[in-house]
Amino acid sequence: GAVVSQHPSWVICKSGTSVKIECRSLDFQATTMFWYRQFPKQSLMLMATSNEGSKATYEQGVEKDKFLINHASLTLSTLTVTSAHPEDSSFYICSASLGDPRRSNQPQHFGDGTRLSIL
Amino acid sequence: GQQLNQSPQSMFIQEGEDVSMNCTSSSIFNTWLWYKQDPGEGPVLLIALYKAGELTSNGRLTAQFGITRKDSFLNISASIPSDVGIYFCAGQLGYDKLIFGTGTLLAVQP
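Chains as they are written, first to last, in the working numbering: chain P, 1 to 119; chain B, 1 to 110.
Don't read these hints as lab results, they were simulated from the structure. Please note that the accuracy of each hint is not assured.
Said to hold, decoys possible - In the BS3-like style, the derived pairs of lysine-lysine whose C-alpha atoms are separated by at most 25 angstroms in a straight line are:
1. B:Lys97 to P:Lys55
2. P:Lys20 to B:Lys51
3. B:Lys97 to P:Lys41
4. P:Lys20 to P:Lys64
5. B:Lys97 to B:Lys70
6. B:Lys51 to B:Lys70
7. B:Lys36 to B:Lys70
8. P:Lys41 to B:Lys51
9. B:Lys97 to B:Lys51
10. P:Lys66 to P:Lys55
11. P:Lys66 to P:Lys41
12. B:Lys36 to B:Lys51
13. P:Lys14 to P:Lys64
14. P:Lys66 to P:Lys20
15. P:Lys14 to P:Lys66
16. P:Lys66 to B:Lys97
17. P:Lys55 to P:Lys20
18. P:Lys64 to B:Lys51
Excised from the complex, chain P in its bound form:
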């Protein structure tokens, strides 16, 4: 069964609005979660690493003020796309490892993704 839950699964909104996506680990604590973006017919690209209780680490070229990440608890990380524009339309996917990835080499499990469409 799924170990990572993502919500919503799809969202359509007007340009200029902000959209929040949730990623939850089910029945386990995730000190680290990861946010990816996937454009059509392309691979997954890591956007940022979400760390519980501290600031997220963003990949080069990803605007931290545009994509706000909050990892408020050991089972929840949120990604907020602020002032979204059509070019932000994409498939956003989160992942988490079972156990602390710094101590155990557990593979990452992915949520089902969120399809974001900005009109």
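Based on these hints, arrange chain B on the given structure of chain P.
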């Protein structure tokens, strides 16, 4: 961002045929992972490899972690229609980041 070279880009095969795809990198990885992604869904883990030279099976799937730690392959034997999807390799740096391959689209004709 960095991506791994994955080949072939796509494959169109008949049901029952065996499939092989591979992934190469200029960098060394500690872990190689293989995922399958269906349309509109997140990737699902198929096989995880942790040691150079490791050969691991999961049903009809077999994957190997290259000796040089810079490559990996995935084989699917006796393909069936539900094998259709996009297969991604991923290399793991240390214990966190995943770097994904470019993907292999598999189509299986009944």
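Each hint tested on the structure:
Distance check on the hinted pair: lysine 97 of chain B and lysine 55 of chain P sit about 16 angstroms apart at the alpha-carbon level, within 25 angstroms; holds. Among the hinted pairs, lysine 20 of chain P with lysine 51 of chain B is inconsistent with the structure: their alpha-carbon atoms are about 39 angstroms apart, more than 25 angstroms. Distance restraint check for lysine 97 of chain B and lysine 41 of chain P: the Cα-Cα separation of roughly 22 angstroms lies within the 25 angstroms cut-off, and the hinted pair is therefore satisfied. Restraint check for lysine 20 of chain P and lysine 64 of chain P: the C-alpha separation of about 14 angstroms stays at or below 25 angstroms, so the hint holds.
Of the supplied pair hints, the one linking lysine 97 of chain B and lysine 70 of chain B holds, its CA atoms being roughly 16 angstroms apart against a limit of 25 angstroms. Under the criterion of a C-alpha separation no larger than 25 angstroms, the hint pairing lysine 51 of chain B with lysine 70 of chain B is consistent with the structure, at around 12 angstroms. Of the supplied pair hints, the one linking lysine 36 of chain B and lysine 70 of chain B holds, its CA atoms being roughly 21 angstroms apart against a limit of 25 angstroms. At roughly 31 angstroms between alpha-carbon atoms, lysine 41 of chain P and lysine 51 of chain B are farther apart than 25 angstroms, so this suggested pair is violated.
Between lysine 97 of chain B and lysine 51 of chain B the alpha-carbon distance is near 17 angstroms, which keeps this suggested pair within the 25 angstroms criterion. At most 25 angstroms may separate the alpha-carbon atoms for a hinted pair to count; lysine 66 of chain P and lysine 55 of chain P meet this at roughly 15 angstroms. For the suggested pair lysine 66 of chain P and lysine 41 of chain P, the alpha carbons sit about 24 angstroms apart, so the restraint of at most 25 angstroms is met. Distance hint between lysine 36 of chain B and lysine 51 of chain B is fulfilled; the C-alpha atoms sit about 21 angstroms from each other, no more than 25 angstroms.
Using a Cα cut-off of 25 angstroms, the hinted pair lysine 14 of chain P and lysine 64 of chain P holds, with the two alpha carbons roughly 21 angstroms apart. In summary, the hint linking lysine 66 of chain P to lysine 20 of chain P is supported, as the alpha carbons are separated by about 12 angstroms, within the 25 angstroms threshold. The suggested pairing of lysine 14 of chain P with lysine 66 of chain P holds, with an alpha-carbon distance near 16 angstroms, which does not exceed 25 angstroms. Restraint check: the Cα-Cα separation between lysine 66 of chain P and lysine 97 of chain B comes to about 21 angstroms, which is no more than 25 angstroms; the hinted pair holds.
At roughly 17 angstroms between alpha-carbon atoms, lysine 55 of chain P and lysine 20 of chain P fall within 25 angstroms of each other, so this suggested pair holds. The straight-line distance between the Cα atoms of lysine 64 of chain P and lysine 51 of chain B is roughly 35 angstroms, outside the 25 angstroms bound, and the hint therefore fails.
Violated hints for the displayed structure, listed by number in ascending order: 2, 8 and 18.
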